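A.B. asks: Sequence:
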Amino acid sequence: MRTCFEKRSYDIMEKNGIERRGSVIRKTKGILVKDKWWNYLFIVMLIIAVLCTINYFRYDIMNIYKVSYRKMYQKNLAEDKLNEIRNNLNIQDIDYEWGEELNYVNVPKKIIYHHAAANGFTAESIHESHKKKGWGGIGYHYYIRKDGTIYSGRPETAEGAHTKGKNKESIGICLEGNFEEDRLSLEQLESLYELSVYIGLKYDIYEIVGHRDQWNTLCPGKNFPVESIAKKVVNGIRDFDVEENKIIPILE
1 MRTCFEKRSY DIMEKNGIER RGSVIRKTKG ILVKDKWWNY LFIVMLIIAV LCTINYFRYD
61 IMNIYKVSYR KMYQKNLAED KLNEIRNNLN IQDIDYEWGE ELNYVNVPKK IIYHHAAANG
121 FTAESIHESH KKKGWGGIGY HYYIRKDGTI YSGRPETAEG AHTKGKNKES IGICLEGNFE
181 EDRLSLEQLE SLYELSVYIG LKYDIYEIVG HRDQWNTLCP GKNFPVESIA KKVVNGIRDF
241 DVEENKIIPI LE
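Residue numbers (full-length UniProt numbering): 1 to 252.
Source of the hints: derived by calculation from the structure; they are not laboratory data. Hints are supplied without guarantee of correctness; some may be wrong.
[Stated by the list, open to error] With beta-carbon atoms standing in for the labels, derived distance ranges:
# : residue 1 : residue 2 : range
1 : Asn88     : Arg183    : 21 to 27 Å
2 : Trp38     : Glu244    : 45 to 51 Å
3 : Met45     : Glu79     : 35 to 41 Å
[Unchecked claim] Lysine-lysine pairs mimicking BS3-like chemistry, simulated, CA-CA at most 30 Å apart:
#  : residue 1 : residue 2
4  : Lys110    : Lys231
5  : Lys202    : Lys81
6  : Lys246    : Lys110
7  : Lys164    : Lys133
8  : Lys66     : Lys222
9  : Lys232    : Lys146
10 : Lys109    : Lys168
11 : Lys109    : Lys133
12 : Lys75     : Lys131
13 : Lys109    : Lys146
14 : Lys81     : Lys246
15 : Lys71     : Lys133
16 : Lys166    : Lys232
17 : Lys202    : Lys66
18 : Lys110    : Lys131
19 : Lys202    : Lys110
20 : Lys164    : Lys110
21 : Lys231    : Lys132
22 : Lys232    : Lys164
23 : Lys132    : Lys110
24 : Lys131    : Lys66
25 : Lys166    : Lys110
26 : Lys110    : Lys81
27 : Lys232    : Lys246
28 : Lys202    : Lys231
29 : Lys164    : Lys131
These figures come from a predicted structure and were not determined experimentally. All C-beta atoms in this analysis are idealised placements derived from N, C-alpha and C, irrespective of residue type, glycine included.
Let the sequences and hints guide you as you build the complete structure.
C.D. replies: Below you can see the structure in the form of structure tokens.
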């Protein structure tokens with residue numbers, strides 16, 4: 001039975017959020033409120049950290065889980081829209097004579113960049129060179145000259161002859177020049193970017209790499225900024241305005 005003094009003490013403790021259990025006295029109100037705010041702040045900071053991490057590693061995450069850029073950013077274009085984009089690229093189509101029948105088994109998932117390792121080559125001269133190697137003709141799907149003109153190579157759905165082990169799942173793009181010594185011209189950079197965005201909107205591409213990333217080679221050269229271009233291409237797909245149906249220029 002509590003004395004009047006003990007009852008008064010318990011009333012004061014209860015009013016101030018103090019709890020007594022046996023010989024242990026602890027404050028329950030103020031600290032709990034303070035702890036609650038710290039918990040909320042910790043959770044918010046944790047969520048922000050997770051989102052920042054996902055954003056920073058989003059390219060790696062897409063590669064690991066093989067999520068295509070167009071699915072990630074929900075860019076589903078009708079065939080007529082894709083044809084309009086291709087027409088705006090002003091691609092020069094060439095009617096090649098193939099040394100053998102092409103194998104139409106390519107399901108593009110990657111874009112692989114190459115260099116010609118020299119200046120002065122035309123799409124036709126590369127075609128003849130590759131025929132002599134027994135590849136049936138030009139091994140790339142596209143070729144870009146120094147002035148930025150894009151030339152067609154073998155059809156996109158045809159198995160390539162540009163990267164061993166990856167020719168049934170990639171689009172090979174070659175650029176005129178030796179980028180161990182030279183640098184891409186501005187015209188080449190713009191054309192490569194726009195062509196890559198177009199391909200990324202058309203197929204389930206989840207990775208953009210250089211030949212050296214898939215095989216033991218220097219191609220496409222140390223001065224070829226593969227990673228930088230790849231990020232710009234992914235951003236170009238992300239920011240593509242489906243209503244306007246226009247690719248945002250790389251320099252914007």
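A.B. asks: None of the hints should be skipped; say for each whether it holds.
C.D. replies: Status of each hint after checking the structure:
{"no.": "1", "hint": "Asn88 to Arg183: 21 to 27 Å", "result": "26 Å, holds"}
{"no.": "2", "hint": "Trp38 to Glu244: 45 to 51 Å", "result": "48 Å, holds"}
{"no.": "3", "hint": "Met45 to Glu79: 35 to 41 Å", "result": "47 Å, violated"}
{"no.": "4", "hint": "Lys110 to Lys231", "result": "14 Å, holds"}
{"no.": "5", "hint": "Lys202 to Lys81", "result": "10 Å, holds"}
{"no.": "6", "hint": "Lys246 to Lys110", "result": "22 Å, holds"}
{"no.": "7", "hint": "Lys164 to Lys133", "result": "14 Å, holds"}
{"no.": "8", "hint": "Lys66 to Lys222", "result": "27 Å, holds"}
{"no.": "9", "hint": "Lys232 to Lys146", "result": "20 Å, holds"}
{"no.": "10", "hint": "Lys109 to Lys168", "result": "9 Å, holds"}
{"no.": "11", "hint": "Lys109 to Lys133", "result": "26 Å, holds"}
{"no.": "12", "hint": "Lys75 to Lys131", "result": "38 Å, violated"}
{"no.": "13", "hint": "Lys109 to Lys146", "result": "27 Å, holds"}
{"no.": "14", "hint": "Lys81 to Lys246", "result": "10 Å, holds"}
{"no.": "15", "hint": "Lys71 to Lys133", "result": "38 Å, violated"}
{"no.": "16", "hint": "Lys166 to Lys232", "result": "23 Å, holds"}
{"no.": "17", "hint": "Lys202 to Lys66", "result": "16 Å, holds"}
{"no.": "18", "hint": "Lys110 to Lys131", "result": "24 Å, holds"}
{"no.": "19", "hint": "Lys202 to Lys110", "result": "12 Å, holds"}
{"no.": "20", "hint": "Lys164 to Lys110", "result": "13 Å, holds"}
{"no.": "21", "hint": "Lys231 to Lys132", "result": "36 Å, violated"}
{"no.": "22", "hint": "Lys232 to Lys164", "result": "26 Å, holds"}
{"no.": "23", "hint": "Lys132 to Lys110", "result": "27 Å, holds"}
{"no.": "24", "hint": "Lys131 to Lys66", "result": "34 Å, violated"}
{"no.": "25", "hint": "Lys166 to Lys110", "result": "9 Å, holds"}
{"no.": "26", "hint": "Lys110 to Lys81", "result": "22 Å, holds"}
{"no.": "27", "hint": "Lys232 to Lys246", "result": "15 Å, holds"}
{"no.": "28", "hint": "Lys202 to Lys231", "result": "18 Å, holds"}
{"no.": "29", "hint": "Lys164 to Lys131", "result": "17 Å, holds"}
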